[in-house]
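There are 2 protein chains.
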Amino acid sequence: MTGRANRIAVDAMGGDHAPEQIVRGAIRATRELGVAVTLVGKRDAIEPLLRGAPAGTGDIEIVDAGQVVDMGEHPANAVRSKPDSSVVRACKMVADGQAAAAVSAGNSGATLAAALLRVKRIPGVARPAIGTSFPTRTGHCFMLDVGANSDSKPEWLAQFAVMGDIYAQSMLGIEEPRVGLLSNGEEAEKGSELVRATRPLLEALPLRFAGNVEGKDIFRGQVDVVVTDGFTGNIALKMAEGVGEFLFASISRAARSTRMGTLGGALLKPSLRPLRDTMDYRKTGGALMLGVNGEVVIAHGRSDAEAIVNAIRVAAEAVARDISGGIAKALKTSGGSAGDGEETEPGNSTSTGAVKTPWRVAESSSGNA
Amino acid sequence: MTGRANRIAVDAMGGDHAPEQIVRGAIRATRELGVAVTLVGKRDAIEPLLRGAPAGTGDIEIVDAGQVVDMGEHPANAVRSKPDSSVVRACKMVADGQAAAAVSAGNSGATLAAALLRVKRIPGVARPAIGTSFPTRTGHCFMLDVGANSDSKPEWLAQFAVMGDIYAQSMLGIEEPRVGLLSNGEEAEKGSELVRATRPLLEALPLRFAGNVEGKDIFRGQVDVVVTDGFTGNIALKMAEGVGEFLFASISRAARSTRMGTLGGALLKPSLRPLRDTMDYRKTGGALMLGVNGEVVIAHGRSDAEAIVNAIRVAAEAVARDISGGIAKALKTSGGSAGDGEETEPGNSTSTGAVKTPWRVAESSSGNA
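Listed in order, the protein sequences are those of chains A and B.
At position 259 of the first sequence (counting the first as 1) the number is 258 in numbering that gives the first Met the number 0, and the numbers step up by one without a gap.
At position 338 of the second sequence (counting the first as 1) the number is 337 in numbering that gives the first Met the number 0, and the numbers step up by one without a gap.
By construction, these hints were calculated from the structure, which means they are not laboratory data.
Do not rely on the hints blindly, as some may be mistaken.
Treat identical chains as interchangeable: a pair holds within one or across any two.
As the list claims (entries may be wrong) - Below, simulated BS3-like cross-link-like pairs (lysine-lysine); rule was C-alpha separation at most 30 angstroms, straight line: (1) 215 <-> 189; (2) 189 <-> 328; (3) 189 <-> 282.
Please work from the sequences and hints to get the whole structure.
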């Protein structure tokens, strides 16, 4: 995986531990994954860190970007007012074909906004979504949207289902992914207004719709993809993270509370490590943005070098499996041409006017971003 | 805790393991908790089970109810068409002052509907909510609504905050509970439309509003009460249950996977039991319904005898602390009289017309139940 087309552009300035941990992670990624990386950010800050790179470090270069979007900044405003920021430049590299993917551990709203502004939506996509995988008893379950859109429409959720279906086929290797709709009960008549309006759209899609699912169904492995709006999905993700963190901390405390427990904990620890890793963002990498013309990975704000290696791994896999191309193709195949790959601007409704499948959303309804 | 006023009416026919486990749990509750119980249901089914009650069984009686609401039935329809059903009769006992609380492990929507129909809302309450406690690093956090209302309004959430505040004061013994609003990020500008509209209402309330919280904040013990709509709350609850179930099952599997792990697991097990219990509905009892004129506990559909004992314990505690009375008083104190305890019918807007505090919702907006 070398050459410009397969480079991963990494925002060197984004995240709580930038640039040190980001640069360190990028160096490791070139060695461990064999990927080519471009570090985007302040050359003066990056260069000294690169000097310490060990022998065997792979293809790594710097693209100078003079501005930085801070964690607390208003995403859309920051992205608009800082065209030379590292996150915007990283996304621009994807748009310009200089990189196949962008990775940022910075302000996640800004990464989203930069991707929308520069990488741009795949024609016909109303709203990109952010997806992430949960471990289950039988493998993994991919949930989307986990935070790109705070308020959603049924048609957007139907597109999320199509995008998640492609993801599960390509990245999880599941031929006919079972797609569920997150709800407060399995019964068809249950759910919020949004869920009740979405369900018939999912039933009409050419995919394996498995009905409404609850949290326990996800972890029991009853579906491969679970569709929800970005608000609910984010709550679900953070609850799962919170419970996981709480339980592992409590187990550690319990193990230390008695002599027998301490011994038991020590003996059990090696067996628990793989499980713990499945719940650890440092091991699982970042969340993938679906619905834009390239691969964009949103890494955890607290990412250390290891988390960055794994976020780059997710990006490289998404590039290798051509997730964004697969989504564009699925949209085209199922709904007629939505403009042959040209960039769609908000308000430009001509390219998707002919689309008829329920999950194709006319641009007119997506212009109010 | 004896006498008619403090009796707990238990729906003997509700739940996957009714009536056997319910009756067994009720018998145990009279012995272990010293509460008086009325079993409501088919006398012919209950009496034989009571005959086996051991010596020392306390005050327990049967009220015959000829109908049963099944798990799959449409809640509101079932409750309306089956006035002699065990769940409706149990709620009617509370309404008539023959019991202080009702407990059901049956169709939870039907329990909710029966409580609304018979026990009735506290005057001024727009929508009752269902609340449940999560274990945290420092104690407990009470979340509401976890399922009474699939679509909610900001004013309802503001009332949930007031009810949760009373609950945490009375049941958790916290003088000034910290009340959080569940959102996809702590920043004030984040959140769904509902969350953004609710936040200023919570800021205006005479309680300790701690801002927006995420799942991890809950488990870290940063708030005592967390307010959310019933759809999101239900998703959050089920995700937490799902992760807990998944992790404990995975730990058991990991412990069995190696010889060292097996030994470690065996040694650690006693230390883990208290933690496991905090996540187990059988130990924690049921969810309390807040906002009706009496205590109503919704127990888990899979409740066994032990779960029923603990659901009855929650009901008895709610009675002892007079949660419903406390809520009625809080509503009256903060907002002027909303009708001195008389029953409020949907559409009767006269009694709350004078209410001015932001969390008092005029009856007119709550008539479209």
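Results for each hint:
{"no.": "1", "hint": "215 <-> 189", "in the structure": "both (16 angstroms within a copy, 27 angstroms between copies)"}
{"no.": "2", "hint": "189 <-> 328", "in the structure": "neither (33 angstroms within a copy, 34 angstroms between copies)"}
{"no.": "3", "hint": "189 <-> 282", "in the structure": "between (36 angstroms within a copy, 28 angstroms between copies)"}
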